Every structure is written in C-alpha cells, then in structure tokens.
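Novice: As a plain string of letters, each chain reads:
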Amino acid sequence: MTLDRRNFIKLFGSASGIALAGCSGAPAVSSGSAAELMTKTGRRVVVVGGGYGGTIAAKYLRMLDSSIEVVLIERNKTYVSCPFSNYYIGGLMKDLSPLTISYDKLAANHGIKMVYADVTAIDPATRTVVTSAGSLQYDRLIMSPGVEFRTEEVEGYDANTPNVIPHAWKAGEQTILLRKQLEAMADGGTVVISMPLTPYRCPPGPYERSCLIAHYLKTQKPKSKVVLLDANPDVVSKKPLFTKAWNDFYKDIFTYVPGKKVTKVDAATKTLIVEGLEDHKGDVVNFIPPQRAGAIAVKAGLVGPDKNWCPVDATTFESTIHKGIHVIGDASIAGAMPKSGYSANSAAKVCATNVVALMNGKETIELSGINVCYSALNDQQSISIAGVYKVAEGKIIAVANSGGISPTDFSTTKLEHIYAESWLKNILTEMST
Amino acid sequence: MTEHWSRLALIIGALAISAPATATPPTAAMLSNACAACHGTLGASAGAALPTLAGQDKDVIVDSMREFKSGKRPSTIMGRLAKGYTDDDIVAMADFFSKQKPHRPDQTLDATKVTRGKELHDKQCKRCHLENGKEGEDGSAVLAGQWLQYLQIQVDDYLSGKRKMSDKMAEKVKPLSKDDMDALAQFYASVK
Chain P
501 MTLDRRNFIK LFGSASGIAL AGCSGAPAVS SGSAAELMTK TGRRVVVVGG GYGGTIAAKY
561 LRMLDSSIEV VLIERNKTYV SCPFSNYYIG GLMKDLSPLT ISYDKLAANH GIKMVYADVT
621 AIDPATRTVV TSAGSLQYDR LIMSPGVEFR TEEVEGYDAN TPNVIPHAWK AGEQTILLRK
681 QLEAMADGGT VVISMPLTPY RCPPGPYERS CLIAHYLKTQ KPKSKVVLLD ANPDVVSKKP
741 LFTKAWNDFY KDIFTYVPGK KVTKVDAATK TLIVEGLEDH KGDVVNFIPP QRAGAIAVKA
801 GLVGPDKNWC PVDATTFEST IHKGIHVIGD ASIAGAMPKS GYSANSAAKV CATNVVALMN
861 GKETIELSGI NVCYSALNDQ QSISIAGVYK VAEGKIIAVA NSGGISPTDF STTKLEHIYA
921 ESWLKNILTE MST
Chain H
97 MTEHWSRLAL IIGALAISAP ATATPPTAAM LSNACAACHG TLGASAGAAL PTLAGQDKDV
157 IVDSMREFKS GKRPSTIMGR LAKGYTDDDI VAMADFFSKQ KPHRPDQTLD ATKVTRGKEL
217 HDKQCKRCHL ENGKEGEDGS AVLAGQWLQY LQIQVDDYLS GKRKMSDKMA EKVKPLSKDD
277 MDALAQFYAS VK
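Heads up: the protein sequence lines correspond to chains P and H, in order.
Count along the first sequence from 1, then add 500; that gives the number in our numbering.
Count along the second sequence from 1, then add 96; that gives the number in our numbering.
You may find that some hints are simply not true.
Claimed, not checked - Cross-link-like lysine-lysine pairs, in silico, DSBU-like; alpha carbons within 30 Å at most:
{"#": "1", "chain 1": "H", "residue 1": "LYS154", "chain 2": "H", "residue 2": "LYS179"}
{"#": "2", "chain 1": "P", "residue 1": "LYS605", "chain 2": "H", "residue 2": "LYS288"}
{"#": "3", "chain 1": "P", "residue 1": "LYS914", "chain 2": "H", "residue 2": "LYS179"}
{"#": "4", "chain 1": "P", "residue 1": "LYS823", "chain 2": "P", "residue 2": "LYS760"}
{"#": "5", "chain 1": "H", "residue 1": "LYS288", "chain 2": "P", "residue 2": "LYS925"}
{"#": "6", "chain 1": "P", "residue 1": "LYS925", "chain 2": "H", "residue 2": "LYS168"}
{"#": "7", "chain 1": "P", "residue 1": "LYS605", "chain 2": "H", "residue 2": "LYS197"}
{"#": "8", "chain 1": "P", "residue 1": "LYS925", "chain 2": "H", "residue 2": "LYS230"}
Honestly, the hints are just simulated from the structure, not real lab data.
Since this is a predicted model, take the numbers as computed values, not measurements.
Just chain H, same shape as in the assembly (with noise of 0.2 Å):
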C-alpha cells in the first residue's frame, strides 16, 4: 500500500472514528445484567433476602415488576426501580430470569418443620406449585429451592395483609397458621 493510500486510510478511519456512536437499544441482556448486583450473577441470589429470579416463571416475573411498579405489591426499593422500566423492558427482563438455571443452595433448615411442610404442600399447595414447587403454573410462583429468608418475608407480608394473595391462594391459606406457613416455607427451601 503507498502512502498516499495509507494516509487516505486513516483519513476515512478518523472520520467514522469521530462519526456518533449508533447503539442498538438495551437488550434483554443488558436490562437484567444490572440487577445481578442484588439478584446475584443470571439471577441466582447468595443474599437470603433477596429472591433467586433464575428459573422463575416468566409470567410471575412480569406480575411482580408490574405490581412493583403500581404499588400493588409492597416494596422498600423495587416499586422505585420497577418505575424505570417500560413493559416490554418487563417482558424482556422476565424472559431472560426465566430461562436461566435454577439456582438452589444448601440452607440450614429445621427437618422437622419440612416434613410438616410437604405434608401441608401435597395436601394445600400442589395442584398449582407443581413438582414439589419446581414448575409455576397459571401465575403461580417457583417456590423449590428459594431462599428461606425471602419466603419468610412474603410470608409475613401475605399474613399481615400487606400482599394480597390471589383468591385461589387465599382460599388454599385460609385454613392454615402462621407455623404452618413457616413449614411450608421450610419446605420450599429445601426442595432441591
């Protein structure tokens, strides 16, 4: 190449150099890679606190961020970051959770109340938490595997009337005590 050609090169490398950037708009990638922070890496949470999205159910994603969003489902920050999100960034973002591997660790657990909670789940839960809580169906959430520490708190927040539960919920929770929750919740967590 003379240097004629090489100088014309790099004149035209400059120019397109300088050119603005164009940016394709944030993909289903880019949108929940942010969240890992909290969420843990592809959505597999090591804080007890806060829920593992890997694996959940695409539908029950999108509920959640939307009632996030409106208020309808209590929050300290998810309602203020849900409102930064449009609802095919939802859409997005809860196909992208769902699709990764199921996330599900060790937790320290008191047997008995498991056993108890497998009781109450086959008897109470099963027909919509499917597969020992594995599958969601019709809206309804993957429990299997989730932190102990979160499903206490939803606990609480459903118990307290500060989350609603959906009417096929509330009618299969009406009959059963706080403790009973607790080992249902014991149980979830130790679905591997």
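So that you can see chain P by itself, here it is in the shape it has in the complex (with noise of 0.2 Å):
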C-alpha cells in the first residue's frame, strides 16, 4: 500500500504537531492572492481540465464515492472533440455540434461542482489550486490539462501565426479556419501538412487528416495536391493501412515526404522551411508543432527531465516529482498507452478508482487499461488500432499477444466506419452524462 497522507495521519495519531505540508487548513497560498472560491469542510479533490481525461476522473470520483467532493475546474463552457475534428475538416461533417460537449448533464448526474476558470498556479505544498475565480484547496489533486505547443522551438512562429497557418490540432476555431482556407482554395491549389516528431497527441491523427483532405480534393477540387511532411522517418502509426489508403485512393493527389522536421515557418508567404534547407510553399499550409505537456503541468513543475511530459505512477497516476498530484491524458507519460482520447478515458478511471483507494486507506488496484483508435481514410471507410494494457514491474505495458490494427486487405473497413461513429457516440457520452 503507498502511503497516502491520510493514512500516515491515521497511523501517528493526529496531524497536529507534524510538519507535514498540505495538511487541509494550510495557511494561505504565496504563490497567488486570489481569495479562496470554496472553503473545503469535508474530503476534496480538484481535477483541472474538462476533456478526454478530466471529465472521467470527475465522474469516476463521484461514482466511486460520493462522500468526497469533486470540483471540476475547466476554462470554457463547452469543449469540441478532437477525435473526429477531421471529419469536419475533410467536409464529411456539416459542423461541429456532434463533436461540442457541455458540461451540465454531467455535473447535475453525479453533484460535480463546476468552476469555469483559468487555473493560474497550483502549489504542491500547501494544495491549494489558484484559479482566476480565486483558490482552492484540495486533499487530490487530477490534472488532466492537455497539450501546449513548443512554438518557441520553430523560428518565425509568432502569436499570429496559427492564424494564417492553422494548427488545427486543438479543437475549435482552429478546425474551422483551416476548413474555410480549404474551401476557398481554388482547385489545383497545394495543401502542405506538417506533423512533430513523437510523441505528440494523437498519433494517427496527422495521417488521417492527411486522407480526408486527399478525400474533400479528389471529390471536390481534383487538380489539387496534398503534401504530408513528417518529422518522423517513417509512418509511426497504423503504417501499412495508411500507406495501402494513400496508394489504394490518393495516389495522384497525394505525397508522403518522411524525415522532414520543419524548424522555421513564414506565415507571410505560408512557406514551411526544413532545417534551412528546403521549402515547402502552399496555399493552404496547416503546420502541427512540436509538444509537451499542457502549460500549467509544466508551470507546476509537473514536467520530467524531458521538460516535456509529465512523469507518473503506473498504477495511480500520482506524479512522481509531487506527491498528491495525479496527471493524466495526453500530457503524462503513460508507457505503452498512446496520446489518445481513449487512452485518457482509460487512464482516467485508473486514476479515480486508486485515488478513492488512497483517500479511504485501502489498498490500490492494479491497472487494467484499454485504447481503441479509429481514423477515417474516406466517407465510408474507417481503419482502427486497439490495444490491452497492464502493469509489469511498475510499467504499463501492452498485453502480449493482443490489440493490433484492422487486416491490411481493407475487409472490414466498412463495417468500422459504421463502428467508429457509434465509438464517438458513446465515449462523448460517457464524458458529458
């Protein structure tokens, strides 16, 4: 059993006297002036982030035990899916309300306590999360923040830049602006996509971006051309499906180009440059940087000797640099677990289930995860990954023998086009109910 906080002041009796940080009751934070939000009387845990991750941890919590207090603390009013963004972005979707998730339903159903703020600092020793809507104190704490980008590492990318080269790697505006500049590019035009080296969210999201957009071209603008520029050597995900699709479908439109890191972007000319070397113009240029870690892990502290992702504990997701502090989704480093919503999900319960174990002093339970992934290769054809995990000396790591991607000769593609949106279906549900 790892010892929690609680149980070690069950063991020695009282809290009183020990110099123990983060006993509740601390004294106001130093590191922020915001009044406190919600005086915490009972047991607490403040999760940050209302996505993939964050909304799960929030319902497992409540679901798991009722009696501690979930706060939910989440920037907006409603969030837009990422999986599925490229069905809009390829045209197969008429706008994004099938993707658009609130959070009503969900806090109503299981009496989770919505903030909608900007979490502006947390500090590990007191527990206390500074919110622009004031503080808060916490006995847990889940953090499940997401990405950031590392623009600082791509010379001439400026604020303004992912508005002329969209990202269109955070749901959202960002979607849609890189849908519009597809449909006002004439026919015969060139789109450039660039995609990071791994990790980085969503591993075959790039690739199946990169056939919806072949697919909308073909179909609608067939002079046009698509340029996939991967700072990888190779395919990293779901390769020998994406490279029959491209072969298969997009042969004339489409052109894979591996080992092409972009360092520098002119958004003046949508002109993508490769280590200096070469450039790569077009007319709708849609560049993926490089990431890390959602800003606030890494403001935190949260962050491992890669300065990147957050390290954490295979069975309880608890950071391994601060005690108390949980991080999931995309910005921990999971093992074998991909930088998929679904991983999230998955990991996410993990999270609820072991850190209800450690606030009633009960042993933790061993992981048990799941990803499935599936991406789009046209308007009727869809491909998967999927996968089992579990824990091996201290790792997570896949099942042998199990999980995989859909057979290569494309039998089943069909049938997992229809599977894919019930998929959407339900894990939005799950989020959102």
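Reconstruct the complex from the two isolated chains, following the hints.
Specialist: This is the structure:
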C-alpha cells in the first residue's frame, strides 16, 4: 500500500505537530493572492481540465465515492472533441455540434461542482489551486491539462501564425479556420501538412487528416495536391493501412515525405522551412507544432527530465515529482498507452479508482486499460488500432499477443466506419452525462 | 509531539512513500470500466452499432468473448481486444456487466415490423429468449431493448454464415426470411 497523507495521519494519530506540508487548513498560499473560492469542509479532489481525461476522472470519482467532494475546473463552457475533428476538416461533417459537449448534465447527474476559470498556479506544498476565480484547497489534485505547443522551437512562429497557418490540433476555431481555407482554395492548389516528431497528441491523427483532406480534394478539387511532411523517419501509426490508403485512393493527389522536420515558418508567404534547407510553400498550410504537457503542468513543475511530459506512477497516475497530484491524458507518460482520447478515458478511470482507494486507506488496484482508436480513410471506410494494457514491474505495457491494427486487406473498413461513429457517440456520452 | 518525534515520523513517512507500491490485481470493475468508452458507462451503450452489455446474460458474454478470442465469432476489433484477457478476466467482466441495470433506450422503429416481429417471436423464439427477450436462458442472449442497428448487423452476419448459429437457433431460423429476421430485430429493439 502506498502511504497516503491520510493514512500517515491515521498511523500517527494526529496531524497536529507533524510538520507535514499540505495538511488541510493550510495558511493562505504564497503563490497567488486570489481569495478562497469554496471553503473545503470535507474531503475534496480537484480536477483540472474538462476534456477526455478530466470529465471521466470527475465522474468516476463521484460514482465510486459520493462522500468525496469533486470540483472540476475548466476554462470553457463547452468542449470540442479533437477525435473526429478531421471529419469536419474533410467536409464529412456539417458543423462541430456532433463534437461539442457541455458540462451541465455531467455535473447534475454526479454532483460535480463546476468552476469555469483559468488555473493560474498550483502549490503542491499547501495543496492549493489558484484560479482566475479564486483559490481552492484539495486533498488530491488530478490534472488533465492536454498539450501546449513548443512554438519557441520554431523560428518565425508568433502569436499570429496560427491565424494564417492553422495547427487545428486543438479543436474549435482552429478546426473551422482550416476548413475555411480548404474551401476557399482554388482547384489546382497545394495543401501542405507538417507533423512533429513523436511523442505528440494522437499518433494516427495527421495521417487520417491527410486522407480526409485528400478525399475532399479528390472529389471536389481534383487538380489539387496534398503533401504530408513527417518529421519522423517513417509512418509512426497504422503504417500498412495508411500506406495502402494513400496508394489505393490518393496516388495521383498525395505525396508522403518522411524525415522532414520543419524548423522555421514564414506565415506571410505560407512557407515551411525544413532544417534551413528546403522550402515547402502551400496555398493552404497546416503546421502541427511539436508538443509538451499543458502549460499549467509545466508551470507546476510536473514535467520530468525531458522537460515536456509528466512522469507518473503506473498504478495511481500520481506524479513522481509532486505527491498528491495525479496527471492523466496526453500530458502524462503512460508507458505503452498512446496519447489518445481513449487512453485518457481509460487512465482517468484507473486514476479515479486509486485516488478513492488512497483516500479511504484501501489498497490500490493494478491498472487494466484499453485503447481503441479509429481513423477514417474517406467518407465510407475506417481503420482501427486497439490495445489492452497492464502493469508489469512498475511499467504500463501492452498485453502480449493482443491488440493491433485492422486487416490490411481492408475487408472490415466499411463496418469499422459504422463502429467508429458509435465509438464517438459513446465516448462523448460518457464524458457529458 | 516533540520536534524529535515529528522528525522521526517524517522519516518513516518518507520511507513508506518511497517503498514500491503493492497493488491488488485488477478487479471486475477495473477491467470492465475500460470497456465503457465504447459500450457506455456501466455497459449502457449510447451508440447504436455497439451493443448494450448492461443486464446481458453472464454466460452469453463469456461465450461471446471466448468466441471473439478464438475467432469463431467474427469481429473487427473485439477479437484483438478479447485476446488481452484471461478466462478469469472474462468471467469477471461478464459477471460485472450482467449485474448492471438493463438499458432500453427509445429508438425509431417501424410499428408494422414490430407487430410482425412480436408474432414471429411468439411462434419461433420465445422458448429461449424468455419474457420478450428480457431474460436469457441456457446461452440465449437478452435481446430486449438492444440497439436495432447492432441487431441488424448480427442478422446480416448470421444470414451470410459469418456468424454461426447454435443448432437449436438454426432450426428455428430456417423457415424465416431476411424480412422476418428484420421484423424480429425491430420487435426486440422495441421491448421496454
């Protein structure tokens, strides 16, 4: 059993006199001046981030132990799913409403307290979260902050760049902007997509995007071209399937170029520069920058020696840097589990289960996780990757002889396209009800 | 408490925290909750092509998972996933989902087909799919309230021979047409 602060207090009778950081009733935080937003009376878990990880963590915490107060802090009143946003970009979805959820039902159904605010600071010592709406004390904190872009590594990238060269790697306005640019492009134009070195959010996402943009152009603007510049030396996800799709469906329109790490952008001329050597100019340019854990995780000192991602315990998802803080989703290093929406959902449940166990002085339970990720190849065919995960020697590993990708003869692609839509419906319903 | 004692307590605490965590093996809930992103929270599916598992007969889930694992039952993704679980895991998950509250969502259905399906059910199916498909019996699935789209995919798989019927089901299905099977699916989807 991991010794939790509560168990520790239990073991030693009383917290009084023990110079243990983070006892409830700690003095006002030094890192922020915001007044306390909600006084903590009982046991409280604060969850930061209302995406694929945070919503599920909050919900399952309450399902597993309704005596724990759960506060979910999210910046926006609505959330737009990144998974399936390529459908919209490729013109397969009229608007973003099928991808958009709000938090009202989730909060009402499970008694989750919503706080719509920006998190500005976290103090692990006093177990305090400071937000734009005031500060909150917690017993445990679950962070699901997603990713931020390492734009400082890209010469010429400034605050205005994504308004001209969208990343569309956080869904919403950026998704709409990229779609608008594709619609405005004349037949015969060139679309350049650039993707970063792994690890990044959603490994198959850029390849799916290349297919769906190519599908749109093939059917609507057939003289156009799509170029995918991959910083990686080879296709990093579902390789045999995407390679077949490019060959079978998009041979005349699409070019895959591996080993091209974009190091400089020129928004004015819509040009991407690779290692200072070659220029790739496009009529529409979609530059997906390299990534790291969401800004607040970096600010809170939760990233590891790589300075990008948050190392966590494989059973509890507790940060190996700051006790009492758990990190899930794309921001965390979850061993063999990829940075996907399904992984975040699965990790959130494992984390919630073990946060409840720790807070009740019970033994933690080993992870059993799943990843299921669909990618559309066109308007009728999809492919998938699946994995089952467990813990061995303190690491999350894929269970041997399981999981894998769709058959390479595409015999299941039409059925998988149907299942993919139900996947979306179920996972977003889980998050929003 | 003296400073000496508090310091000792801190040291013991630090030792305990840094000791390797022992965790119990995955429970039924731990195993099953991972399925919910596709099959709905506690197995109540919101996606019409993916079956509700809540309230399904335990043996039916066990058989399906084993057949997915062996490849006997056709699948896209389920075979790949089922291979990640031991027989004990599968029994634990089946037990978990069988005990969840049934989920019978409102669906858009064809009333004429529902009526026809009810007649066919009474004639051919009710001895195994008990209580209008609300109860499983001897390896027969709970069908009441299941998603129509999912049931239709199963009908297609059965009629094309991709999914094998049990002998007793094959005998009952033999005189039925594809339209009859569709009517049955509509009926079961309608049961509340």
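Novice: Each hint: holds or not?
Specialist: How the hints compare with the structure:
| no. | hint | result |
| --- | --- | --- |
| 1 | LYS154(H) x LYS179(H) | 19 Å, holds |
| 2 | LYS605(P) x LYS288(H) | 24 Å, holds |
| 3 | LYS914(P) x LYS179(H) | 23 Å, holds |
| 4 | LYS823(P) x LYS760(P) | 40 Å, violated |
| 5 | LYS288(H) x LYS925(P) | 22 Å, holds |
| 6 | LYS925(P) x LYS168(H) | 28 Å, holds |
| 7 | LYS605(P) x LYS197(H) | 20 Å, holds |
| 8 | LYS925(P) x LYS230(H) | 25 Å, holds |
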